[in-house]
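**Student:** Here is what each chain is made of, one letter per residue.
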Amino acid sequence: MSEMLASEPKGHIEVKNFSLSYDSIEGPVQAVTDTQIHVKPGEFVSIVGPSGCGKSTLLNAVAGFLKPTTGIVTVDGERVNGPSAERGMVFQQYSLFPWKTVRENVEFGLKMRGMPRSQRERAARTLLGLAGLEAFEKHYPEKLSGGMKQRVGIVRALATGPKVLLLDEPFGALDAQTRVIMQQILTNMWQRLKISVLFVTHDIDEAIFLSDRVYCMTARPGSIKAEIPIPLERPRQQSMMMSSEFLALRRGLMSLIREESLKAMGGEINDMGMQGLNIELHGHSLADVI
Amino acid sequence: MPAAIAEAERVPAVTPPVAPPSFGTLALRWYRLNQGRLRATAIGIISLLAFLLVWHLLTTYRVVFFVRFTNVPSPVAVYGSFTKAIHDPKFLMHIVLSCRRILVGFSLAAIVGVPLGLIMGRFKLVHEVIFPVAEVLRPIPAIAWVPMAIMLWPTNEQSIVFITFLGSFFPILVNTLHGMTLVDPVLVRAAQCLGARERAIFREVYFPASLPHIFTGLTVGMGVAWVSLIAAEMISGQYGIGYFTWEAYSLVQYADIALGMIAIGVLGLGSSLLIRGAGHLVMPWRSTR
Numbered sequence: 001m002s003e004m005l006a007s008e009p010k011g012h013i014e015v016k017n018f019s020l021s022y023d024s025i026e027g028p029v030q031a032v033t034d035t036q037i038h039v040k041p042g043e044f045v046s047i048v049g050p051s052g053c054g055k056s057t058l059l060n061a062v063a064g065f066l067k068p069t070t071g072i073v074t075v076d077g078e079r080v081n082g083p084s085a086e087r088g089m090v091f092q093q094y095s096l097f098p099w100k101t102v103r104e105n106v107e108f109g110l111k112m113r114g115m116p117r118s119q120r121e122r123a124a125r126t127l128l129g130l131a132g133l134e135a136f137e138k139h140y141p142e143k144l145s146g147g148m149k150q151r152v153g154i155v156r157a158l159a160t161g162p163k164v165l166l167l168d169e170p171f172g173a174l175d176a177q178t179r180v181i182m183q184q185i186l187t188n189m190w191q192r193l194k195i196s197v198l199f200v201t202h203d204i205d206e207a208i209f210l211s212d213r214v215y216c217m218t219a220r221p222g223s224i225k226a227e228i229p230i231p232l233e234r235p236r237q238q239s240m241m242m243s244s245e246f247l248a249l250r251r252g253l254m255s256l257i258r259e260e261s262l263k264a265m266g267g268e269i270n271d272m273g274m275q276g277l278n279i280e281l282h283g284h285s286l287a288d289v290i
Numbered sequence: 001m002p003a004a005i006a007e008a009e010r011v012p013a014v015t016p017p018v019a020p021p022s023f024g025t026l027a028l029r030w031y032r033l034n035q036g037r038l039r040a041t042a043i044g045i046i047s048l049l050a051f052l053l054v055w056h057l058l059t060t061y062r063v064v065f066f067v068r069f070t071n072v073p074s075p076v077a078v079y080g081s082f083t084k085a086i087h088d089p090k091f092l093m094h095i096v097l098s099c100r101r102i103l104v105g106f107s108l109a110a111i112v113g114v115p116l117g118l119i120m121g122r123f124k125l126v127h128e129v130i131f132p133v134a135e136v137l138r139p140i141p142a143i144a145w146v147p148m149a150i151m152l153w154p155t156n157e158q159s160i161v162f163i164t165f166l167g168s169f170f171p172i173l174v175n176t177l178h179g180m181t182l183v184d185p186v187l188v189r190a191a192q193c194l195g196a197r198e199r200a201i202f203r204e205v206y207f208p209a210s211l212p213h214i215f216t217g218l219t220v221g222m223g224v225a226w227v228s229l230i231a232a233e234m235i236s237g238q239y240g241i242g243y244f245t246w247e248a249y250s251l252v253q254y255a256d257i258a259l260g261m262i263a264i265g266v267l268g269l270g271s272s273l274l275i276r277g278a279g280h281l282v283m284p285w286r287s288t289r
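Line by line, the protein sequences are chains A and B. Mapping to the working numbering: the first sequence position 203 is 203, numbers consecutive. Mapping to the working numbering: the second sequence position 9 is 9, numbers consecutive.
What the hints contain is simulated information worked out from the structure, not anything from laboratory work. Every residue, glycine too, gets a C-beta built ideally from N, C-alpha and C. Where hints are given, some of them may not hold.
Stated by the list, open to error - Stretch-level coverage of chain A by chain B, calculated; a stretch enters the list once three of its residues show a Cβ under 8 Å from a Cβ in chain B: (1) 40–50; (2) 78–90; (3) 109–123.
What the hints assert, rightly or not - Residues of chain A clear of chain B, computed beta-carbon distances all greater than 12 Å: (4) G71; (5) S95; (6) H139; (7) R156; (8) T160; (9) D203; (10) I204; (11) I228; (12) M240; (13) S244; (14) R250; (15) M265.
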């Protein structure tokens, strides 16, 4: 516990000259190409981009589930060579073990590390307390709401005291109100633990509200289109989402993403949708017309 | 703040403390909650009684309508031979022997089938080697193994146990393997980035995730074990409830035929209930409420 609440920020992620392709019958397919990103210790960074742009691929490579075709991924100077408890991960599908109670789920990482039962029980209870879940420690995940499941997912990923927290569209399946609450909980935990966060989302508001910096990716093959610092002061309030500063950032990001989404769908729309709509392109790109 | 959030989500998982309700309200609530189950039980009992009544009528009036009930024993006659049989040590021995064969054959099938299915699901090479052989042997009914079993094993007892084993082995193997292929890969990844290595992933993820299918396999396997056992006993046995039933036919003890059949039914039902109970014990997260 004491190491978890340490005040020294840690977790410097560095992704250099990264590309990832996989084989198909038509030859290699580029999923991500020529990408550099970094997350400074204690920084909160989001990746946004059109669907299928490879943002999850990039995150999975940082987690160690995918090997880069070229390039290198390091955390605090050490090369990533496979999944490890140093990089906690939160999945969109919650991915709690249904056969374990809430507390056993949280204990899992500590158990893998060989911590004695009584000690890890105590640690798990403390963590669940921080997330307001102590009353549910003996419940099986099935009985919990989506928001609670994901809170358990976050607490479980943090229990081993990772250097880095990776989140893959963690709130995508939640309703709007729950999502707002979850964003605040995540911000609180992040500020308390001072670890680096790499957060993948397609929700622009969420990315701006949470992050210090946002990377915007291009359509497939994905690469970094833009890097946008978010200078909004902390602690951030929900009301800030109406501020002109926030809206300006939002407008900027929105147009970046729209460009890429249209590029991604352009072919299909030209082929099918546009005929019915009677829009003449006259050699302009679709983005210009719309 | 966290407590406020828990409240805000309004999940009805913990009930706030209220004054203890009276016995009457509790009984009424229990009745409302279990209405469906009570109804099913009541209808089940009525339907069993109706079955007995129809059986009774068909046999007392010796109905012949395509099917001939002239020699079929009546429920009363079967009850008569039941009361005689439970005091007959020979009848009890038939039952004990059949149960022992099931216990040995089925346990062996589970001890071999479950680990083999788990290993085949995890290691591709083992799967590639064993699966084709299993697929060829699987469609052969256990009864078709009887002559081969008699050649293979020195004693009759062993060949009957072998037949029982074969009957339950394939359903157990196939279902365990099926369970392994359905394990959610995201759970495996979640375990990996919590620091779990190969053995821990097998123990903590693959095995519990496959348990529901393993128990499906055990339930099906138990059913097939009884089918195979009875067939084997009728063909090559000297003891056992299957042999008892067949012997009753040879000795023109019609009531004993029905008694043997009912005994087989009750034993089969009892053993699958045992497995279901074990499943609830082993998988508490699957029990509703």
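**Student:** Find the nearest Cβ of chain B to the Cβ of A:M265 and say whether that gap is larger than 12 Å.
**Tutor:** 28 Å, holds
**Student:** Please check whether the beta-carbon of A:I228 is more than 12 Å away from every beta-carbon in chain B.
**Tutor:** 28 Å, holds
**Student:** Mind taking a look at whether chain B covers the region 78–90 of chain A? Criterion is 3 or more residues with CB to CB distance under 8 Å.
**Tutor:** Our answer is that it holds, as 7 residues pass the Cβ test (under 8 Å) against chain B, meeting three.
**Student:** Against chain B, does A:M240 keep a CB gap of more than 12 Å to every residue?
**Tutor:** Its Cβ never comes within 12 Å of chain B, the nearest being 18 Å, so this holds.
**Student:** Beyond 12 Å on every Cβ pair: is that true for A:G71 relative to chain B?
**Tutor:** 21 Å, holds
**Student:** Does A:R250 sit more than 12 Å from chain B, CB to CB?
**Tutor:** 26 Å, holds
**Student:** Taking a Cβ-to-Cβ distance below 8 Å as contact, does the region 109–123 of chain A have at least three residues touching chain B?
**Tutor:** It holds: at least three residues are needed, and the region 109–123 of chain A offers 3 whose Cβ sits within less than 8 Å of chain B.
**Student:** Looking at A:R156 again, its CB stays over 12 Å from all of chain B?
**Tutor:** A:R156 is in fact no farther than 12 Å from some Cβ atom of chain B, at 7 Å.
**Student:** Decide, holds or violated, for the assertion that all CB atoms of chain B are farther than 12 Å from the CB of A:S244.
**Tutor:** 28 Å, holds
**Student:** Taking the shortest Cβ-to-Cβ distance between A:H139 and chain B, state whether it exceeds 12 Å.
**Tutor:** Per Cβ check, A:H139 is inside 12 Å of chain B; nearest 6 Å; violated.
**Student:** Against chain B, does the region 40–50 of chain A show at least 3 residues with beta-carbon separation below 8 Å?
**Tutor:** violated (count 0)
**Student:** Minimum Cβ separation between A:S95 and chain B greater than 12 Å?
**Tutor:** 4 Å, violated
The earlier numbered hints that this structure contradicts are 1, 5, 6, 7, 8.
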